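Protein chains: 2
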Amino acid sequence: MTAAPNESAIVTAAVLVIGDEILSGRTKDKNIGYIAEYLTGLGIDLKEVRVVADDEAAIVEAVNALRHRWTYVFTTGGIGPTHDDITAECVAKAFGVPIGYDPRAVAIMRERFAEHELNEARMRMTRIPEGADLVLNKVSRAPGFWLGNVVVMAGIPTVMQAMLDEVAPKLKTGIKVLSQTVRADAKEGDIGTPLGEIAKAYPEVAIGSYPFFDEERGPNANIVLRARDAGKLADATAAVQDMLVRVKAAL
Amino acid sequence: MTAAPNESAIVTAAVLVIGDEILSGRTKDKNIGYIAEYLTGLGIDLKEVRVVADDEAAIVEAVNALRHRWTYVFTTGGIGPTHDDITAECVAKAFGVPIGYDPRAVAIMRERFAEHELNEARMRMTRIPEGADLVLNKVSRAPGFWLGNVVVMAGIPTVMQAMLDEVAPKLKTGIKVLSQTVRADAKEGDIGTPLGEIAKAYPEVAIGSYPFFDEERGPNANIVLRARDAGKLADATAAVQDMLVRVKAAL
Numbered sequence: 001m002t003a004a005p006n007e008s009a010i011v012t013a014a015v016l017v018i019g020d021e022i023l024s025g026r027t028k029d030k031n032i033g034y035i036a037e038y039l040t041g042l043g044i045d046l047k048e049v050r051v052v053a054d055d056e057a058a059i060v061e062a063v064n065a066l067r068h069r070w071t072y073v074f075t076t077g078g079i080g081p082t083h084d085d086i087t088a089e090c091v092a093k094a095f096g097v098p099i100g101y102d103p104r105a106v107a108i109m110r111e112r113f114a115e116h117e118l119n120e121a122r123m124r125m126t127r128i129p130e131g132a133d134l135v136l137n138k139v140s141r142a143p144g145f146w147l148g149n150v151v152v153m154a155g156i157p158t159v160m161q162a163m164l165d166e167v168a169p170k171l172k173t174g175i176k177v178l179s180q181t182v183r184a185d186a187k188e189g190d191i192g193t194p195l196g197e198i199a200k201a202y203p204e205v206a207i208g209s210y211p212f213f214d215e216e217r218g219p220n221a222n223i224v225l226r227a228r229d230a231g232k233l234a235d236a237t238a239a240v241q242d243m244l245v246r247v248k249a250a251l
Numbered sequence: 001m002t003a004a005p006n007e008s009a010i011v012t013a014a015v016l017v018i019g020d021e022i023l024s025g026r027t028k029d030k031n032i033g034y035i036a037e038y039l040t041g042l043g044i045d046l047k048e049v050r051v052v053a054d055d056e057a058a059i060v061e062a063v064n065a066l067r068h069r070w071t072y073v074f075t076t077g078g079i080g081p082t083h084d085d086i087t088a089e090c091v092a093k094a095f096g097v098p099i100g101y102d103p104r105a106v107a108i109m110r111e112r113f114a115e116h117e118l119n120e121a122r123m124r125m126t127r128i129p130e131g132a133d134l135v136l137n138k139v140s141r142a143p144g145f146w147l148g149n150v151v152v153m154a155g156i157p158t159v160m161q162a163m164l165d166e167v168a169p170k171l172k173t174g175i176k177v178l179s180q181t182v183r184a185d186a187k188e189g190d191i192g193t194p195l196g197e198i199a200k201a202y203p204e205v206a207i208g209s210y211p212f213f214d215e216e217r218g219p220n221a222n223i224v225l226r227a228r229d230a231g232k233l234a235d236a237t238a239a240v241q242d243m244l245v246r247v248k249a250a251l
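Just so you know, the protein sequences line up as chains U and V, in that order. The numbers in the first sequence follow the numbering used here, run straight up by one, and end at 251. The numbers in the second sequence follow the numbering used here, run straight up by one, and end at 251.
Please note that a few of the clues may not be correct.
Label-pair distances were calculated between CB atoms; the ranges are [as the list claims (entries may be wrong)]:
1) V:Glu61 / U:Arg141: 35 to 43 Å
2) V:Glu61 / U:Asp229: 22 to 30 Å
3) U:Thr158 / V:Lys30: 18 to 26 Å
4) U:Pro103 / V:Gly96: 54 to 62 Å
5) U:Phe212 / V:Arg110: 32 to 40 Å
6) V:Glu56 / U:Glu111: 48 to 56 Å
Please keep in mind that the hints were generated in silico from the structure rather than gathered at the bench. Fair warning: this is a prediction, and the values are worked out from it, not measured in the lab. Glycine residues also receive a C-beta, built at the ideal position from the N, C-alpha and C atoms.
Produce the entire structure from the sequences given, and follow the hints as far as they go.
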C-alpha cells in the first residue's frame, strides 16, 4: 500500500469537549459521536476524548496534554460571545501566544453585523490567538480557528459540522481502517474463549465483541473486525465465521 | 446550611468511558449524559469525562489520573466475557492489587448459569480485584465492583443504570446544586456584556449562556444559573431578569 502525499500510516486525534452544560447533564453531547464517525471515515484514529468544565486551568491542562500526544486535537464549545466562552483565551495560554482582535475575523463580523451591533460581546468572537488560521463556517459566520495541531470549533452541532467540513480537506489522513461486522447469533459467553484465540492469532486485526439484546434470540453479539490490511481482515473474518459455525454446532 | 452525616459541601466525580466502539463512532455513547444528570441530582459535581480505547496503558493511566483528583470515578464498559473486556484487570493494575476469581461473583454466576455453561469466558466476569465490593445488578446479573473510590460498571446502558441505582445510596453526596433557567428571548451577542457583569457580581453563582435557534425569533439563548445557596441564586436570577428587560427596551 502506498501512501498518498498527505497520507501517512497512522494519523491520530483527540476530541476535547468544553462546557459546564455537558457535565451537569443539562445538554446531552451530540458532537463526540459525530466527530468519531467523521474522523474514522477520513482515516484518522480518534484515540481519546475529554470533557472539561468552562474552567481555565482545566482547559489549558487538557489542551496541552492532548496536543503533545496526538496528531490533532478538535475542541468543541466555548467560542461564543458570553463571559463563559473562554476557549480562545485558554488555547492562547496553552500555546503561550498572545491573543487579540483578529482583523480577518473582524471583517467577517462586519459583513454580518451593523456597526452598532458590534458590541464588546460580539467582538469577543473575533479574539483569535496569534498565528492561528481561521476556520470559516457559513452557518453562524463567527469563525473557529486552527493553531498548531489544535482545531477550535463551536459547540452547536450544525456550526461544528460546518467547521469540520471546512478543515477536513486540509487534514493529514491515514490509511483508512476497514471493518467487517459479523452477527454472532450466539451469546458472548459461549464464543468468548475461541474469539480471544482468533484475536491473538491476528494481532493486526482489532476484534471487538458488542453484546445486544435480540427480541427473538435474547442475548446476542456483533463481532466487529477492524484492520488497515484488506487481506488480513478477510482472513480473520473467515476465521470468526468458521468458529461461529463450529461453536454453535457443539452447543 | 448543615450537612447531613454523609454529606460534605462538595463531592466530585469523573466518568471514564472505556471502549474502541465509542472512539470509532460505531456506537454512540448514551451513558455520559445519563450519569451526568444522575450525579447532579444526587448533589455530586461531575468535573471531567474521558473516553479511552480498550488499551491497558490508556485505561490504567486514566484511572490513576482521575482517582487521585476526584471524589469518585465511575467507569463504563469492558467488563464482559470477551478478550477485549480488560477493565477489571486494568483497575487492579492501577491500584497495584491482585485480581482473581471472586467467590461471591462465582456464586452469582452459578445461580444464573448451569455448570457446563460456566466456561473460561463467562468466568472472566467473576475476576474482581482484591479488596473490592461487588456492585450487583438484576438485569444481566454479572456484577460490577467498587474499589477505593472507583466504581466499575457495565457499558450496556440498562445494566449500567441498574448498577448506578445500586451504588447511589452508598455514595457521599454534597449539597445539591440548585438551578434556574431564564429564556433570554434575545440574542447572546446583545446580552453578553451585561451578563458578564452579573457573573462577576455573583461569583458563587455559575452563569452559563446556551444559544439555540428559535423558529419564531431566530437566534435565542437560555441563561442557566447554578448555585448551592438558594438566596444567592434568587438574587442573581432577578439581576438577569432585570438586565434582560433593560437591554431589550434599549434595542
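Here is how each hint holds up against the structure:
{"no.": "1", "hint": "V:Glu61 / U:Arg141: 35 to 43 Å", "verdict": "holds (40 Å)"}
{"no.": "2", "hint": "V:Glu61 / U:Asp229: 22 to 30 Å", "verdict": "holds (29 Å)"}
{"no.": "3", "hint": "U:Thr158 / V:Lys30: 18 to 26 Å", "verdict": "holds (21 Å)"}
{"no.": "4", "hint": "U:Pro103 / V:Gly96: 54 to 62 Å", "verdict": "holds (55 Å)"}
{"no.": "5", "hint": "U:Phe212 / V:Arg110: 32 to 40 Å", "verdict": "violated (25 Å)"}
{"no.": "6", "hint": "V:Glu56 / U:Glu111: 48 to 56 Å", "verdict": "holds (51 Å)"}
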